[in-house]
Amino acid sequence: MARVLLFGRLADIAGWRSRDVPGASIAEIRTVLAGDVELAEALAGPGVQVAVDREIVRGEAVLTAASEVAFMPPMSGG
Amino acid sequence: MSVTLQTEPFDPGALLTAFGAGRMEAGAIASFSGYVRADGGATDRLELEAYPGLTDAEIGRIGEVAAERFGLLDWLVVHRVGVMGPGEAIVFVATAAPHRRAAFEACDYLMDYLKSRAPFWKKSHGPDGARWIEPTDRDRTDLERWEP
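Protein chains in written order, with numbering that gives the first Met the number 0: chain A, 0 to 77; chain B, 0 to 147.
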């Protein structure tokens, strides 16, 4: 289980911003989220980054019940 | 060396005055103020989302890189989050260095980073609806100028 956060257009596509999702790895979380086909496509899109506990990760990570997993589409400030 | 994310409006002039006060070794202070554009009426308001705890930490890291690379004495980034209208300041960057070239370049570098790498998500609302703004090709080429 992890707390999943969606940012930017990902939250608009999913219709939610924060939700508890079962899974012990990012891959498992992605599998559960793939129930929403449109969201799964967006998550696999170019430039989407993942953060675990507010640190950007590349590749896989081991999650605990207290983990916060964020999916972040291409960023733009200023 | 400071990053502030805030929902309240800010006054770039006041920030610049405060940043420059009492410095004895900074021969150069450069700053950049970014404002929300109306885009000829296409934008009524801009909505900016950040990820507190990650956005400020990432900007802090790039600030440290800039300080090292350009030999800064100090730097400051203030960024609005939430909803703002045309004409309002959205970002303020200031850099202090012994000489002008370092201050100018570090300010430019920090803004290029903020435009395409800092964890913000920007949505523009206007008469034709809302749309997410993502980095442009120009933003990416701007950033590439700094790569070795």
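Warning: the hint list may mix true and false statements.
Residues on chain A that point at chain B, a partial pick, calculated with CB under 7 Å [claimed, not checked]: (1) Phe6; (2) Arg8; (3) Met74; (4) Gly76.
Here are some, though not all, of the chain B residues that point toward chain A, as calculated from beta-carbon distances under 10 Å [what the hints assert, rightly or not]: (5) Phe18; (6) Met23; (7) Glu24; (8) Pro51; (9) Val82; (10) Met83; (11) Gly86; (12) His124; (13) Gly125.
Counterexamples of contact, computed for chain A against chain B with all Cβ distances above 10 Å [unchecked claim]: (14) Leu4; (15) Trp15; (16) Arg18; (17) Ala39; (18) Glu40; (19) Leu42; (20) Arg53; (21) Ile55; (22) Arg57.
None of these hints come from the bench; they were simulated from the model.
Keep in mind that this is a model prediction, so the values were computed, not measured.
Idealized CB from N, CA, C, for every residue including glycine.
Status of each hint after checking the structure:
The closest approach between the C-beta of Phe6 (chain A) and any C-beta of chain B is roughly 5 Å, which is under the 7 Å cut-off, so the hint is satisfied. Because the smallest distance between the Cβ of Arg8 (chain A) and any Cβ of chain B comes to about 4 Å, under 7 Å, the interface hint for this residue holds. Contact between Met74 (chain A) and chain B, as hinted, is supported at the beta carbon level, the nearest pair being about 5 Å apart and thus within 7 Å. For Gly76 (chain A), the suggested interface contact is upheld, since its CB lies about 4 Å from the closest CB of chain B, less than 7 Å.
About 18 Å separates the beta-carbon of Phe18 (chain B) from the nearest beta-carbon of chain A, more than 10 Å, and the hint is not met. For Met23 (chain B), the shortest C-beta to C-beta distance to chain A is roughly 31 Å, which exceeds 10 Å, and the interface hint is violated. At about 28 Å, the closest approach between the beta carbon of Glu24 (chain B) and any beta carbon in chain A exceeds 10 Å, and the interface hint on this residue is violated. The interface hint given for Pro51 (chain B) holds, since its Cβ lies 9 Å from the closest Cβ of chain A, which is under the 10 Å cut-off.
The interface hint given for Val82 (chain B) is broken, as the beta carbon of that residue sits about 15 Å from the closest beta carbon of chain A, more than 10 Å. The beta carbon of Met83 (chain B) is not positioned within 10 Å of any beta carbon in chain A (closest approach about 13 Å), and the interface hint is therefore violated. Interface restraint check for Gly86 (chain B): the shortest CB-CB distance to chain A comes to about 16 Å, outside 10 Å, so the restraint is violated. The interface hint given for His124 (chain B) is violated, since its Cβ lies 13 Å from the closest Cβ of chain A, which is over the 10 Å cut-off.
With its C-beta approaching chain A no nearer than about 16 Å, Gly125 (chain B) sits outside the 10 Å limit, and its interface hint is violated. With a least beta-carbon separation of about 7 Å from chain B, Leu4 (chain A) fails to lie farther than 10 Å from that chain, contradicting its non-interface assignment. Its beta-carbon lying about 14 Å from the closest one in chain B, Trp15 (chain A) satisfies the requirement of being farther than 10 Å from that chain. With a closest Cβ-Cβ approach of about 16 Å to chain B, Arg18 (chain A) is found to remain outside the 10 Å limit, as its non-interface label requires.
Separation of Ala39 (chain A) from chain B is adequate, the least Cβ-Cβ distance of about 18 Å exceeding the 10 Å criterion. At the 10 Å boundary, the C-beta of Glu40 (chain A) stays outside the reach of chain B, the nearest C-beta of that chain being 16 Å off. Consistency note on Leu42 (chain A): stated as away from chain B, and its beta-carbon is indeed over 10 Å from all of that chain's, at 15 Å minimum. The non-interface label for Arg53 (chain A) is inconsistent with chain B: the shortest C-beta to C-beta separation is roughly 4 Å, within 10 Å.
Once the 10 Å rule is applied to beta carbons, Ile55 (chain A) is inconsistent with being away from chain B; the minimum gap is 8 Å. Chain B leaves Arg57 (chain A) outside its interface by the beta-carbon criterion, the shortest separation being 14 Å against a cut-off of 10 Å.
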